[in-house]
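Chain order of the listed sequences is A and B. If you use this note's numbering, the first sequence corresponds to residues 1 to 249, in order. If you use this note's numbering, the second sequence corresponds to residues 1 to 249, in order.
Bear in mind the hints are in silico, worked out from the structure with no lab data behind them. Just so it is clear, the structure is predicted and the values come from calculations on it, not from any experiment. Ideal Cβ positions, reconstructed from N, Cα and C, are used throughout, including at glycine. Just so you know, nobody snuck in bad clues.
Among the chain A residues that face chain B by a calculated CB cut under 8 angstroms, a handful are:
{"#": "1", "residue": "V72"}
{"#": "2", "residue": "V76"}
{"#": "3", "residue": "A114"}
{"#": "4", "residue": "T117"}
{"#": "5", "residue": "Y122"}
{"#": "6", "residue": "E128"}
{"#": "7", "residue": "M161"}
So these bits of chain B aren't anywhere near chain A, every CB distance computed over 12 angstroms:
{"#": "8", "residue": "A11"}
{"#": "9", "residue": "D57"}
{"#": "10", "residue": "R65"}
{"#": "11", "residue": "G67"}
{"#": "12", "residue": "L197"}
{"#": "13", "residue": "A207"}
{"#": "14", "residue": "D215"}
{"#": "15", "residue": "T217"}
{"#": "16", "residue": "G218"}
{"#": "17", "residue": "T246"}
There are 2 protein chains.
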Amino acid sequence: MPAPPPADPPAGAPPVAVVLLSGGLDSATCLAVAQAEGFAVHALSFRYGQRHAGEVDAAHALAARAGVARHVVADVDLRVFGGSALTTDDLAVPKDRDAAAMADGAIPVTYVPARNTIFLSYALAMAETAGARDVFVGVNALDYSGYPDCRPAYLAAFEQMANLATRAGVEALDRGEVAVRIRAPLLHLAKAEIIRLGTTLGVDYAATTSCYDPDITGAACGHCDACQLRRRGFVEAGVDDPTRYTAGA
Amino acid sequence: MPAPPPADPPAGAPPVAVVLLSGGLDSATCLAVAQAEGFAVHALSFRYGQRHAGEVDAAHALAARAGVARHVVADVDLRVFGGSALTTDDLAVPKDRDAAAMADGAIPVTYVPARNTIFLSYALAMAETAGARDVFVGVNALDYSGYPDCRPAYLAAFEQMANLATRAGVEALDRGEVAVRIRAPLLHLAKAEIIRLGTTLGVDYAATTSCYDPDITGAACGHCDACQLRRRGFVEAGVDDPTRYTAGA
Numbered sequence: 001m002p003a004p005p006p007a008d009p010p011a012g013a014p015p016v017a018v019v020l021l022s023g024g025l026d027s028a029t030c031l032a033v034a035q036a037e038g039f040a041v042h043a044l045s046f047r048y049g050q051r052h053a054g055e056v057d058a059a060h061a062l063a064a065r066a067g068v069a070r071h072v073v074a075d076v077d078l079r080v081f082g083g084s085a086l087t088t089d090d091l092a093v094p095k096d097r098d099a100a101a102m103a104d105g106a107i108p109v110t111y112v113p114a115r116n117t118i119f120l121s122y123a124l125a126m127a128e129t130a131g132a133r134d135v136f137v138g139v140n141a142l143d144y145s146g147y148p149d150c151r152p153a154y155l156a157a158f159e160q161m162a163n164l165a166t167r168a169g170v171e172a173l174d175r176g177e178v179a180v181r182i183r184a185p186l187l188h189l190a191k192a193e194i195i196r197l198g199t200t201l202g203v204d205y206a207a208t209t210s211c212y213d214p215d216i217t218g219a220a221c222g223h224c225d226a227c228q229l230r231r232r233g234f235v236e237a238g239v240d241d242p243t244r245y246t247a248g249a
Numbered sequence: 001m002p003a004p005p006p007a008d009p010p011a012g013a014p015p016v017a018v019v020l021l022s023g024g025l026d027s028a029t030c031l032a033v034a035q036a037e038g039f040a041v042h043a044l045s046f047r048y049g050q051r052h053a054g055e056v057d058a059a060h061a062l063a064a065r066a067g068v069a070r071h072v073v074a075d076v077d078l079r080v081f082g083g084s085a086l087t088t089d090d091l092a093v094p095k096d097r098d099a100a101a102m103a104d105g106a107i108p109v110t111y112v113p114a115r116n117t118i119f120l121s122y123a124l125a126m127a128e129t130a131g132a133r134d135v136f137v138g139v140n141a142l143d144y145s146g147y148p149d150c151r152p153a154y155l156a157a158f159e160q161m162a163n164l165a166t167r168a169g170v171e172a173l174d175r176g177e178v179a180v181r182i183r184a185p186l187l188h189l190a191k192a193e194i195i196r197l198g199t200t201l202g203v204d205y206a207a208t209t210s211c212y213d214p215d216i217t218g219a220a221c222g223h224c225d226a227c228q229l230r231r232r233g234f235v236e237a238g239v240d241d242p243t244r245y246t247a248g249a
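Working from the sequences, and respecting the hints, build out all of it.
This is the structure in structure tokens:
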């Protein structure tokens with residue numbers, strides 16, 4: 001008895017895309033791009049012990065506001081991990097690093113081992129279940145703050161692997177097509193360009209969160225790498241920054 | 001502040017390998033192969049809502065008996081999944097399929113979407129954290145029962161992706177080396193060859209479980225694909241089958 005094929009959308013129904021939705025500025029823009037392309041979005045977020053759990057609340061708000069077809073928050077078990085400032089209190093989030101330090105190519109302490117690989121693997125499972133060909137991820141090769149798994153070569157290799165992971169993938173490759181496409185529409189955009197694009201598409205950036213170290217009210221610290229990149233992006237984009245910063249930030 | 005590098009083993013300490021340990025016959029053999037090669041094993045198992053949760057008990061017993069350096073059981077959230085007989089009661093496990101049906105290339109109903117991709121992604125995270133280069137997985141291209149993510153091309157693509165996912169990987173590729181090796185020592189072995197190999201290495205197959213549909217005492221059904229492959233393997237290997245089958249199986 002063969003496995004049931006993924007459900008095809010009814011005739012005339014929009015194609016389905018899976019969108020990785022962290023609750024940050026990039027993924028919110030990515031979601032808007034997928035919807036602008038006409039996809040019915042199945043959004044996927046993760047609870048992985050991140051200090052800034054406000055991310056998940058932001059993802060919920062963004063998904064509801066965008067009217068996605070489905071939003072799943074998956075729990076990722078951290079017992080295999082260790083050593084990231086985003087998931088342990090033993091390491092401090094770096095603050096006020098200058099642009100040179102952020103661009104030095106060193107992997108920052110906020111790196112979570114294999115995080116994007118795990119997230120994309122879950123997205124691949126969701127895509128297979130939902131009959132989606134397109135998986136959107138808001139990674140960015142310019143303002144990527146040194147993360148190794150945000151590079152074009154990595155994404156291409158993941159897509160290649162994903163297409164070999166399923167029978168539909170192998171059959172499609174034989175036809176010179178792909179069954180899974182890893183879509184990273186922000187890959188070559190600067191933060192300011194992302195903000196301009198999202199603003200055009202109506203993204204409510206006030207509902208997004210980027211800070212690695214917000215205060216207990218959820219206000220952004222203004223000084224971690226993520227805050228600095230975001231803040232500079234709004235300035236360079238000439239768009240009012242709706243971020244709620246902690247007092248004095 | 002760069003991320004702390006993975007801890008190198010102390011001088012003279014054995015290299016670390018991550019071994020995916022399901023509790024089945026293949027992964028138990030794989031663990032024995034890794035130890036025979038001199039690796040200190042960090043074993044990784046998953047609780048993913050499988051019906052045969054006795055797998056996890058078997059993995060614990062095997063890890064303890066083998067004296068592994070570390071054993072982690074990670075919970076994998078199923079909310080992104082659906083449609084597999086191993087994770088829902090809505091689909092029946094197929095029984096008494098003949099060899100032709102098992103070999104017809106169709107993906108069986110017991111396929112869990114992207115399962116090996118997710119498992120290998122966690123293993124990659126664990127390897128990065130533990131400073132391991134080798135990740136052992138007991139997949140098998142001969143008796144693989146139609147799973148798409150047990151093929152050599154898939155494993156090669158995963159390894160390529162894994163080496164692009166980390167800075168150490170990219171640096172190693174530049175030197176013509178690899179930072180992560182996906183090791184599948186059983187890939188081209190028939191079930192009987194695996195059983196002979198494991199018997200030589202002292203694997204206690206009585207502690208392993210393969211059945212997709214055991215009874216409440218944990219006894220094997222004897223008729224699902226996994227039971228049939230296993231049973232025939234012991235016969236062909238000329239090794240006494242220590243499996244506890246349900247009455248009448």
